[in-house]
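Novice: Got chain A sorted already, so can you dock chains B, C, D and E with the ligands onto it with the hints?
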Amino acid sequence: MQQFLTTALNGLTQGMIFAAFALALVLIWRSTRIVNFAQAPMAMITVYIALVIIDAGYSYWLGFAAALLSGLLLGAVVERVAVRPVEDKPHINAVILTLGLFIVIHALAAVIFGSRYRSFPAPFGLSGFQLGDMNIALTGFGVFSILAVLAVMLLLVLLFRFTNVGLMMRASAFNQEVARLLGVRVTRMLTQGWALAAMVGSLSGLLIAGGNLVHPAYMDSVVVFGFVAAVLGGLDSPIGAVVGGLILGISLSFVSGYIGSEVVALAALVILMVVLLVRPGGLFSHAPARRV
Amino acid sequence: ACGAGGRPDDGEGSAADVVGVTEDTITIGAHFPLTGVAAPGYSEIPSGHKAYYDYVNANGGIHGRKIEFIVRDDAYDPTKTSQVTDELVLSDEIFAMVGGLGTPTHSAVVDFLNSEKVPDLFVSSGSLQWGDDVESKPYTFGWQPDYETEGKIIGQWVAQHMPDARVGLFLQDDDFGEDGEKGVRQYLDDQIVATERYSSGNTDVAPQIAALQAADVDLVLGFNTPSYTALTQLTAKKLNFDPTWFYSNVGSDPELVGSLLARFSEGAVKDGSSLLDGVLTTEYIPGVDTPDNPWVELWQDVWDEHGGDAELTNYRVYGMSQAYTFVQALQAAGPNPTREGIVEAIEQSGAEFEGPALAPFRYTADSHMGISGLRVSELKDGKAEALTPVLVTDIGDTPITEDNSGAGNDRPPEDGIPDPKN
Amino acid sequence: MSEISVNFGGIAALSDVSLEVAPNQVLGVIGPNGAGKTTLFNVACGFVQPDTGTLTWRDRELTRLKPHQLAGLGIGRTLQGLGLFDRMTVLDNVVVGADRHARAGFFSGLLGLRRSAREERELRERAMAVLDELGAADHAQALPSSLPYPERKRVALARALVSEPDLLLLDEPAAGLSGEDMAELGGLIRRLSRRMSVMLVEHHMDLVMSVCDHIVVLDFGKNIASGPPERVKEDPAVLAAYLGDEVEHDRPATTRS
Amino acid sequence: MLDIRDLTAAYGPVTALDGVSFTAPEGKITAVLGANGAGKTSLLRTISGLLRPTKGTAYLADQDLSRVPVERMSRLGLAHVPEGRGVITELTVEENLRLGRLGRADRAKPTDLERIYTLFPKLADRRHKTAHVLSGGERQMLVIGRALLATPKVLLLDEPSLGLAPRIVAQIFDLLKSLVESDGLTIVLVEQNARSALSIADYGAVLNLGKLVVHDDAAVLAADDTLRHAYLGF
Amino acid sequence: MTAFAQRLWYSTLPRHLLLAGAGLIAVILVLESTSAFRNGQFAVMAYMGIAAGGLTVLTGLNGQLSLGHGAFMAIGAYTTALLLSDRDSAPPLLVVLLVATLVTLVIGAGVGVAAARLHGPYIAGATLALAVAVPGIARYFQDTLGGEQGLTVTVPDVPGWFADAAYFVTANDLSSSKYVAYIGWISLIVTYVLLANLSRSRVGRTWRAVRDDDVAAEIAGINLGRARVLAFVVSTACAGLAGAVLALAVRLAAPSGFMLTLSLALLSAVVLGGLGSLTGALIGAALLTFLPQVVTGIGLDAGLTDLQAAELAPLVYGLTTMLVVILAPAGIVGTARIAWRRRRS
Ligand SMILES: Nc1ncnc2c1ncn2[C@@H]1O[C@H](COP(=O)(O)OP(=O)(O)OP(=O)(O)O)[C@@H](O)[C@H]1O
Ligand SMILES: Nc1ncnc2c1ncn2[C@@H]1O[C@H](COP(=O)(O)OP(=O)(O)OP(=O)(O)O)[C@@H](O)[C@H]1O
Ligand SMILES: [Mg+2]
Ligand SMILES: [Mg+2]
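Chains as they are written, first to last, in the working numbering: chain A, 2 to 293; chain B, 3 to 424; chain C, 1034 to 1290; chain D, 2 to 235; chain E, 269 to 613.
Excised from the complex, chain A in its bound form:
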């Protein structure tokens, strides 16, 4: 019973982390129709910025804010400099571009910050709660992560569903020419989309880093599961991202605990395939498009 509860709760926190990463992917997908494979290293570098600030003796929260801000900035710069030229090119070019970016940022981080383990602090306690005899495998920081992710999801839903900016961002992503004719500042929307997404990515980076070890590749394992979570939910849906993240987090936690951690990735594949065979566009996709 205790083990079951622990495994489930651990899956919950783990799932929220996948969800955070998936949310950033969804945001970028919705606003530019690009899957940003470089999101992990982009987040990683901003977390290092936070680390430098915290190491210099400033508070955790200053580092936190700095990471988010630098994420915002980095996203905008990356979009302007690197992504802009491939936006009207075949889709695979953007994929390859972000893969290239992935490698570049990685190498830069290794050179600048060194390729060794560093520990990253967490703002709240890292001990689990205790309820009588039961250990509740949730830490203060875990609770913070869950709340943060839910808040981001809510904000994104509001942004896309109810605001004009959200509408303009989506219009720009789907059809630049028409959007421009309708007075949408497409380039600004795209930049905005990347900036916001990179900020959400930074948040996910901070959540993963909290109370953990960071090194240039520390986010790489999340890339796969975060992406799988986003696809599982249907890349277009923020709610889907969170649901996808949770499904993945919880089931993988059980697989890892009761079968073996070697098959975690295999389990992710199986879950994904089963879902996609039933719903090729993910759980929260709309009805299949009219084709003719």
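Some hints could be false.
Said to hold, decoys possible - Listed below are the simulated SDA-like cross-link pairs for lysine to any residue, each with C-alpha atoms no more than 25 Å apart in a straight line: (1) D:K130 - E:H387; (2) B:K68 - E:L568; (3) B:K119 - B:E25; (4) D:K130 - E:G388; (5) C:K1266 - C:R1224.
Claimed, not checked - Stretches of chain A that chain E covers, calculated by requiring three or more beta carbons in the stretch to come under 8 Å of a beta carbon on chain E: (6) 81 to 88; (7) 180 to 187; (8) 221 to 232; (9) 256 to 267.
Please keep in mind that the hints were generated in silico from the structure rather than gathered at the bench.
Quick caveat, the model's predicted, so the values are computed rather than measured.
Note that the Cβ used here is the ideal one computed from N, Cα and C, for glycine as well.
Specialist: Frame of chain A; chains B, C, D and E with the ligands shown alone:
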């Protein structure tokens, strides 16, 4: 005398004819993960090598030859290891491979090195493969105590000192965990109530720790890497799980893990070293936690002079200790080293090499296994305190005995360079 | 086709539509926008499965067949858009249309057998012949995107024709064409009807009235009228739903203020 | 109102527009006619900035448009209904319409949407469906409705009748006419269907191979037999 | 050109065979005139080239994106390792290569059937998951697949006739690594001839049509599912063969050799070279094989530390990738072709 095709006759030609050896240089090389996930930590080992060779070179080299050490990055990917080893052997024309790191990576090249008759010295991994089968791998030598030997010593110690403990194993899912488990089980088979494995790369170990907790384990034996020591400690805190921890040498670098834990949470873990207090582990070479040890003093001097700005770490100490052994072997091979010559020299005199290792090497014509033993110790205030004398044994059912060779009392020579007569 | 009904989440795109195409007939389907004309075509070539009703072709029931199977049986079609393969030459575009006549299998292609090469040559010749017929042979090696719109329409038509279908479905073939091209198209359709049956969806009444033998009018998915052009043109229901009240003067649908 | 001077534009080596000049006066409908490939679409694209002129300019109420970015056009009161694919099929019908409202110069009155829905009841039924379910003609209605929501001063329409049933075409033309009369809207209407276009237009401009052939009163053009046969096909 | 020569050139198979013959001669010349180390590198280039060739067909001609081709290489490699595990009863190498290809093909067909229903990023997600899952399988079945350490592969002895033939042609003795290089390149040439045949045949045309507009293709009578699965199968078969050659060249099949990076490297090789072009795939493979070593060398010569020089390789590689995608989006071959056409017109 020249053989067919103008190739030098093995073993007999003058030094100039030996691959990788010239009048005033000797070139060696190794593969290490300098990039990628395995780079943190491991990429520091070759810098230890380099620093020590630079030190030796600055002091005149060995038999008038400077040691050139070529490091090639394999990113811990066996296909890359195979490529860079080709490059080292065929293009860089190294005399010997010294310190190549990793079990799956080195497995990819060990046959090639042996078929090319390249001395494959002091593999940086505790797998049994490096030395247990001299016949099929005559050129390959291990260095650190193999994981099975370590497991045996740990197992016996636990069986003697904690006979009632419910033991759980926490293992990396490769030969490291496997060999360790094999050793431990020789003594502890009926005390072990749970076995959990993790795959490196998967940073979520909560399910495994939860399973250990569920099995009511009160001693966890961990055959894991340092980052997983940190992860297990943290996860255990999260689960309010408080057993005794016993980490194998690989995972217990108190300096590293302690500094990692130190800042894990403001308030939660004030001082990481104290979190590790009471953790059991093993030692086979002195590390940076004992700065007064003469060997560590030597390493510190060497590092200050030739290392660079970064600080001395146990990875670098490991590299320097290995490099020291290589220099010893080179001395032993005489003024005109050949590939066969150095292998023979190690087989003949390797067991007597003096050096930082606490226990002697097992090198003979029949075994190429490395250091024969270690001692069990406990971490206190970030330092390891010995609980046992140095214990030695070998793979299989060789009994565990106290080491009486005095290897642990060796002191470094005055100039920091091993003497030729060894 | 009999008693075909299609629903899309509450919207009845077609309800109980029955119709029949005779050999060598040109059947016009007209109706207001969203009346279900394209949907009717989609049913006829397998893109939409009808909720009820059956599709029969030469005494064979086809209701559950997939589009490519229907194409194999000789039902050809053009799309309301263009649907050209942008990165293939015009010739290749048309050759794809002839795929149903290709017999070479995977292995003869893999091994580059003579058979496969010979067949490729035949298909290409066939495609050239059709392009020639439509007067687009000059562009055979061009990419479709480099061609003016009417030429592209021709390519799309050629692709449908090269398979020598027995039934050809044309969805708004005249959209975007100017008067001259349209007249030419009318002639072509008449000529084609000697070889095959044609179903035509079109909003250009001049064209519809001049080439069709028989006309079916849809509105809100229902068949509201059918018959020869002259009769349909005068039908009050059609006038109200589709043509607008001033069309009886045989002018295109415009108002004069 | 819209003054086109010596406008020249090209796609790489292909010259699509060659020194076209004419004026579309305020509160009038100017029909632009010509065969396929004459350059009609290119003309509209050049005016609205999707295609940059290599020479010449268009002036909107004395403002030089050649430097104005496309996305500013709608705020200047210029709306362009592009040829064909103007619907963003991934958005719902209503979202498409809302987008039209965003670009307008003056802030929206919410009733506007309802006006479009009464005009095109088919759209009202499908307002919360994604636009990809729409039929060809319904899409055309959607883009026209969207352009109207921007309450433009100048409306560029590229083949609005494409794929529309005759009755709807008549309806739309009626609507355009009434907008011109009530709001003083200026319209540049590109049409294949020369006869119906001239029937509502005040002026007509005929293009051929990128050059302006003639610009005159619509009635004059409609009466000119040679012109009709040579360029207008009726 | 005489009429006959012209006919020969313009009919598919003879032209491909002609090119293949020329390629073989070039391979012999290169392998014989370079060092053993270069031979080894060429073997690497061969297996990367084979896999990239298959991938370029899938992605370039059929428009399906696979981030998981490394997994199929793993299947080929493990099959090879298992078949060659018993030195005495190992089947002839040709059989081994064929079986490895076939086994991968069968598994690829299964994945292809699932993937054929998916689009864009959804295929990417599924194949990505595949790429990380497959190495896990090898770890899980430790007893048969050797766990983390993997299976070592013993390259069979050079068959007598092959050695004789090689000696006859080159007058040089054949070392084992050169033998593997020859096997790799012969496999590559055969694969490329077959792929080139395919892409010029009805099958290739069908794939392109499906890529450009699936609805229109379906109307034209093309069975979409079949076309997609077929493309997937062909390309996984190539990956399987590549994996087999890899196993021979590396002499090991271990999970860490087939991590995600391999799949991604393949994909970027294909795009760098020019999507859909076999020449491009080969160029991409060459870049992948030779660039890191050259760059690290330059870095070391410029006085960088080992660590910096090691990071320089991915840095330059990543930057190259980005620059090519930004400045020459059609890839190296594609851009060259465009330039050539422009020059002529
Ligand atoms: N997949 C779908 N989901 C929901 N509604 C659909 C779908 N496909 C078509 N419809 C609706 O069905 C009706 C019929 O559409 P169809 O395309 O057949 O019209 P049409 O007669 O061809 O019109 P047009 O002349 O404008 O092309 C339309 O109102 C359309 O919105
Ligand atoms: N994107 C393009 N690239 C190259 N040439 C083009 C492009 N678009 C149009 N053209 C060429 O420019 C010329 C004018 O085309 P445009 O589309 O303006 O004509 P149009 O009068 O609108 O024709 P239609 O009645 O077919 O819409 C044509 O020769 C056409 O082929
Ligand atoms: Mg229609
Ligand atoms: Mg036009």
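Novice: Below or equal to 25 Å on CA atoms is what counts here, so check D:K130 against E:H387.
Specialist: Distance of about 22 Å is within 25 Å: holds.
Novice: Check, residue by residue, whether the stretch 256 to 267 of chain A contains three or more positions whose beta-carbon lies closer than 8 Å to a beta-carbon of chain E, and give the verdict.
Specialist: As far as the stretch 256 to 267 of chain A goes, the hint holds, because 6 residues have Cβ atoms under 8 Å from chain E.
Novice: Check, residue by residue, whether the stretch 81 to 88 of chain A contains three or more positions whose beta-carbon lies closer than 8 Å to a beta-carbon of chain E, and give the verdict.
Specialist: Satisfied; 3 residues make the cut.
Novice: Mind checking the alpha carbons of C:K1266 and C:R1224 for me, to see if they're no more than 25 Å apart?
Specialist: It holds: about 24 Å lies between the C-alpha atoms, which stays within 25 Å.
Novice: Check the hint pairing B:K68 with E:L568 against an upper bound of 25 Å on the C-alpha distance.
Specialist: Given that 25 Å is the threshold and the Cα spacing comes to 19 Å, the pair holds.
Novice: Counting residues of the stretch 221 to 232 of chain A that have a beta-carbon nearer than 8 Å to any beta-carbon of chain E, does the count reach 3?
Specialist: holds (count 5)
Novice: Take the C-alpha atoms of D:K130 and E:G388, compute the straight-line distance between them, and say whether it is at most 25 Å.
Specialist: Holds, at about 23 Å.
Novice: Between B:K119 and B:E25, is the straight-line Cα distance small enough, at 25 Å or below?
Specialist: holds, 21 Å
Novice: State whether the coverage of the stretch 180 to 187 of chain A by chain E holds or is violated, taking the criterion as 3 or more residues with Cβ-Cβ distances under 8 Å.
Specialist: Violated: only 0 residues of the stretch 180 to 187 of chain A have a Cβ under 8 Å from chain E.
Hint compliance for this structure: hint 7 alone is broken.
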